[in-house]
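S.K.: The primary structure of each chain is shown beneath.
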Amino acid sequence: MKLSRRYVLMLSSASVAATAMGAIPAFASLTEDEIAKLTGGADMAEGGVTLTAPEIAENGNTVPIEVSAPGAVAITLFADGNPVPNVATFNFGPLSASRAASTRIRLAGTQNVIAIAKMEDGSFQKASANVKVTIGGCGG
Amino acid sequence: MAKGVKPRVKVPKTAAAGEKITIKCLISHKMESGQRKDDDGNVIPRSIINRFTADFNGQNVIDVALEPAISTNPFFEFEAIVPESGEFTFTWYDDDGSVYDTSKKIEVS
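Those protein sequence lines, which keep their order, are chains A and B.
Start counting the first sequence at 63; every next residue gets the next number (the numbering used here).
Start counting the second sequence at 2; every next residue gets the next number (the numbering used here).
A portion of the hints provided could be inaccurate.
Taking lysine to aspartate or glutamate and the EDC-like style, the derived pairs with C-alpha atoms no more than 20 Å apart in a straight line are [to be verified]:
(1) K31(B) x D95(B)
(2) K21(B) x E108(A)
(3) K105(B) x D64(B)
(4) K25(B) x E128(A)
(5) K11(B) x E128(A)
(6) K21(B) x D41(B)
(7) K14(B) x D102(B)
(8) K7(B) x E78(B)
Simulated from the structure, these hints should not be mistaken for laboratory data.
Chain A on its own, in the form it takes in the complex:
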């Protein structure tokens, strides 16, 4: 079989595309698995949760994060670029005034922080924020 120039080019572009497909970061799918475990694959609407995170964090060891979701019974935080995506779960009790809390978290690098709120009616709301991290916070 004669290899035409066109055929070779087609082959090479196909292989480049295949490599790009395979390069989805492993951590991201881990996060999706964890989210699916929490929600049971339910659809999530955006807008019911407010996630306040700094746009740029100089030190990934302590990144201040604030979440608030009126009418939520629980809020779970995920960081999709960390070795373990789960960050924390806030369960609100009867004496909680506002369904809001703030804490400080570790981020291994620039990534998305995702907040998922479980509402009183059993539905889920989602919010995410991208945080640029200058120095990662996982040691090593």
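Use these hints to put chain B onto chain A, whose structure you have.
M.R.: Relative to the frame of chain A, chain B by itself:
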């Protein structure tokens, strides 16, 4: 039990009935994530506080499940409603089984 664990909590001393009050909690703890390695390349075992709860007169305010991604000296800030005078109890649960707690009284006028 991890050394030097000291809980610090900030609660207003007085409040009006049904008022929203802000509570800030900090506990000194190294929160070893289980991801770091020592000089010889051995993984330092995980040692974190895995649960934090705040209750007022036996009723729950907030119950937090912590993962290794929470920073050293875990800090929480949240709001509570105080229906009557009473006492807040704050409890931290360590991976090694230790339980640290502290309580704060509040007067409702």
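S.K.: Can you list which hints this structure breaks, lowest number first?
M.R.: 2 and 6
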